[in-house]
Structures are given as C-alpha cells and as structure tokens.
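So in the working numbering the end of the sequence shown lands on 273, straight run, no missing numbers.
Hints are computed from structural coordinates only; laboratory data are not their basis. A hint or two may mislead.
Below, computed lysine-lysine pairings styled on DSSO-like, alpha-carbon distance capped at 30 Å [unchecked claim]:
no.: 1; residue 1: Lys28; residue 2: Lys189
no.: 2; residue 1: Lys245; residue 2: Lys91
no.: 3; residue 1: Lys189; residue 2: Lys154
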Amino acid sequence: MINMDFITGLPKSRRQHDFIWVIVDRMTKSAHFLPVKTTNTAEDYAKLYVQEIMRLHGVPISIISDRGAQFTAQFWKSFQKDMGSKTLEDMLRACVIDFKGNWDGHLPLVEFSYNNNYHSSIQMAPYEALYGRRCRSLIGWFEVGEAGLIGPNLVHQAMEKVKVIQERLKTAQSCQKSYTDIMRRALEFEVDDWVYLKVSPMKGVMRFGKKGKLSLRYIGPYRISKRIGNVAFELELPQELTTVHPVFHISMLKKCICDPSLILPTESIRIKDNLSYEEVPV
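I would like the entire structure built from these sequences, with the hints used as guidance.
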C-alpha cells in the first residue's frame, strides 16, 4: 500500500520541473522523490510510475492520495502521524534552495539520504525495512577500492552533498511538531494577511554580540498572495528580494504582530537566495 502527493510551488529547475512527486510505502516508510512538471498529464504520471516505481516494487494493493482525478481519495494521514509531513516537506524545500536550478538532479541523493535515515516508527531505516539489510554508505566505495573506478572526486562531491542533505533532514526533524499543531497554525493564515519572514545570519559572519547559537530574525511584513497546499504560502516580496523564491513553508512565517526588537529593515542587510543574510556597512 502506498501514499502519494506533491510538493508544489517550487522554483523551476533548468529542466523545467516545478513539482516533486512523493511516493511512500506505508509499511516500510521507504520513499521515492520524482521531479515532475505542472503540465504533466495523468498519462505522463502513469508512464513515470511504471518506469520508476512498478519496475522496482510491482503493483501496489492500494493507492492513497488527495490529488483528485489523477489518483484516489485521501492523502497519507498515517504517514503524517509517523513522520510528519512537515519534516519531509521542510527537507525537500530546503534542498531545493540549496541546489537551486539543478535541484531535480540532486533528488536521487536526497532520496538516498532519507531512506537511510533512522525512522522512529519502524525502529530502523526505511532501506533496512525494505531490503532486510543495512545499506552501504558512500564511504564503502573507498573501503573496497571502487572509488578508483567511479572517480574519487565524484565520490567526495557526493559525500559532501549527502552531508548537506542530512543536515537539512536533522533540522526538519528537530523543528517537527504534531500534524494537528501544523494544521492549527495553518488556519491562522489567510490570503491578504500580513506576515513576517524568518531569516538567519550567515554562519561565522554575524552574532549580534552573542556567543553560541546564532539567533533568528524576521523581515517584512509581507502580504500573503496565495496558499500553496496545506502548509505553504506565496508572499508578495519587494523588488530587492526578487532573487528569492516567494513560496515558504508555514514554519518560516510569523503573524504580523508589532515587535521592533525582532525586525530588521532590509535596507541594512543583504538577503541571500537561501534566506541567510549579512549586515551591510553603513
């Protein structure tokens, strides 16, 4: 039995992909992340399913989704309780920001990292639940001398990218709340509401006179122009933020309640594409 849905509202990749099709096995929690396009038809999805899923796992007993005529009735409620859709969506959206126009080319590594991460509901990694054994890590290429065949530079690059992805997954898991809390918070926001956007100082650049963990700050407020799915919103951003994709997970937004100590004027900081910032000398 599988669950499926889409991560939507993503910036288009160089290959024109702007959705991620998420397919999860309910028993093992193993997942596949497939890049797709808004223009894909039901026939396109059927062909892709045969090519990427059925050839590996066969035909499922049932499919659960909330995507209307393309699929069937509901989405993955049991998976949300076990893992938290927020965790998965946060990880995928963060990786899209990290890998920019080539995010779809990095989805295999994202999938590899997710499936080899310990899952509390099954007490093991999804890969181990699916295949009955632990997966060899990228370090294993060096242990058996395979790096010479693949190329040591490619191995090192893959390992570095996997480290980034694993950090994104850890961050998403540490921020996880119950699905009920997420949906309750989502109901607090509506189109035309004004919200603040969370940004963070660049590591090693700014500490605001404090030692230890860098504090988070907010910029804005900005108007919500559109709801994207259940837990993401599109904002109307000013001209100076045109390089930033305007769709954000709800965890990055805060109701517009006046608190000057948390707000930084965008004129005094330089916002990066990944929503980190550095102070602009005056």
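Evaluation of the provided hints:
no.: 1; hint: Lys28 to Lys189; verdict: 28 Å, holds
no.: 2; hint: Lys245 to Lys91; verdict: 25 Å, holds
no.: 3; hint: Lys189 to Lys154; verdict: 24 Å, holds
When the structure is compared with the earlier hints, no violation turns up for any of them.
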